[in-house]
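Working from the sequences, and respecting the hints, build out all of it.
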Amino acid sequence: MSAFFDLLGLLIIDAWFAWIPAVGFAMVFNVPRKMLIYCAAGGAFAHSLRFLLMHFDLPIEWATLIASASMGFLGLYWSRKHLIPRPVFTVASVIPMIPGSYAFSAMIGLVEINTTGYSLALMQVVMENGLRTLFILTALSFGLAIPSILIYRGRPIV
Amino acid sequence: MILSKEQQTEITRIAVFAGQILHQHGAESRLVEQTTQRLGIALGADNIELAISPDAMVITSLVNGHCVTTTRRCHDRGINMQMVCEVQRICVMLEKKLLDAKDVKKRLQRLKPYKYNRWLVVLMIGFACASFSHFFGGDRAVYWTTFVASSLTMIVRQELGHRQHNPFVNFAIAAFVATTITSIGAILEIGENPQIAMAASVLLLVPGFPLINAVSDMLKGYVNMGIARWVFATLLAVSVSIGIVAAIKVTGVSGWAI
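Line by line, the protein sequences give chains R and V. Quick note: the first sequence, position 29, residue 29 per our numbering, numbers continuous. For any residue, its number in our numbering is found by taking its place in the second sequence, counting from 1, and adding 158.
Derived from the structure by calculation, the hints contain no laboratory data. Quick caveat, the model's predicted, so the values are computed rather than measured. Take these hints with a grain of salt, some might be off.
Claimed, not checked - Per the computed footprint, the stretches of chain V lying under chain R, defined by three or more beta-carbons under 8 Å from a beta-carbon of chain R, are: (1) 180-192; (2) 240-252; (3) 269-280; (4) 355-361; (5) 396-402.
Stated by the list, open to error - Below, computed lysine-lysine pairings styled on DSBU-like, alpha-carbon distance capped at 30 Å: (6) R:K81 to V:K378; (7) R:K81 to V:K263; (8) V:K273 to V:K163; (9) R:K81 to V:K264; (10) V:K260 to V:K163; (11) R:K34 to V:K254; (12) V:K273 to V:K260; (13) V:K163 to R:K81.
Yeah, the Cβ is synthetic: ideal placement off N, Cα and C, and Gly gets one too.
This is how it looks when you write it as structure tokens:
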């Protein structure tokens with residue numbers, strides 16, 4: 001039982017720290033003021049769901065896919081309710097899951113290979129981080145698109 | 159409803175104006191195409207055909223077998239979801255017959271991009287990057303180092319953007335500033351693991367929206383738009399990493415696993 005409460009506590013902390021970037025970046029994208037609360041809820045929901053799935057040893061790519069697909073369906077519901085295009089909620093909500101650090105590591109590795117010359121260690125950094133960025137990003141984007149790919153298939157949502 | 163040639167030209171202009179607004183403010187290509195077509199058809203055209211390329215769009219309206227074609231350049235004006243929402247709302251209101259062509263034109267011309275108070279954005283982005291440092295396992299001192307560094311970086315980014323600087327130059331300079339500030343934290347050994355702040359403070363420069371738009375455009379069949387967005391986002395990431403590497407060379411402290 002105490003393990004359950006420990007997990008719950010970690011989840012709540014994770015959700016708390018995830019809504020802040022979601023709202024911050026939503027403000028950079030100028031999401032309308034009334035919709036910021038949905039971005040916050042979506043960001044907290046998606047990131048803590050991914051945290052939960054990764055806690056049960058799911059690889060990060062699959063956890064991201066499931067979390068962002070759930071976010072896609074949640075965004076679908078909200079967008080039908082408020083008559084607002086889906087990316088307004090969904091993109092800001094998945095921003096905390098974007099693999100920015102991996103992407104920059106890969107790029108810095110490339111720059112370093114240029115200055116210090118080729119080495120297996122550097123190439124490993126570039127390939128591993130670059131591929132992880134690619135797969136997480138594809139999972140993220142594909143997950144968000146699942147409702148419109150599987151259910152709406154080209155018809156307008158709003 | 160039979161439209162005259164002048165009316166057809168007019169509704170084509172209205173539709174392309176709406177599409178141009180969507181394109182300029184970072185809507186995904188499927189949304190641009192669908193909304194423009196719905197708007198044109200609701201205004202009385204038989205059909206609307208649209209060709210979208212990364213910096214321009216071509217639109218042809220078809221009424222009684224007559225075509226009107228027009229092209230608009232679409233310069234990037236920054237991501238603004240509020241504009242996208244407004245255009246979408248106008249489209250829905252037109253389809254429900256709450257507006258006519260004249261109202262639509264007037265409303266579209268009246269749209270002004272809403273911007274949040276810049277200091278509020280600075281504060282929120284500071285806390286956002288600080289939250290990322292928490293996800294990377296940083297302690298409280300690292301949290302506040304990241305907050306200070308990324309807030310200052312956001313101010314630099316806003317100032318350069320306000321002066322119409324090239325986005326690549328802007329991002330490289332911002333990354334340099336962020337890494338320099340956090341490396342001071344690393345030199346003074348603030349917190350348990352000050353290198354975390356170096357990685358977290360540049361995350362405000364990740365081109366997340368173009369990357370997600372790129373993949374979803376390609377998934378939905380707009381491969382040329384997707385490639386253009388992908389290349390743009392990759393170049394932004396390269397210029398950020400050049401800024402980071404320059405700062406690492408100056409200060410001699412590296413927060414990255416290299």
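Please write out, lowest number first, the hints stated earlier that are contradicted by the structure.
8 and 13
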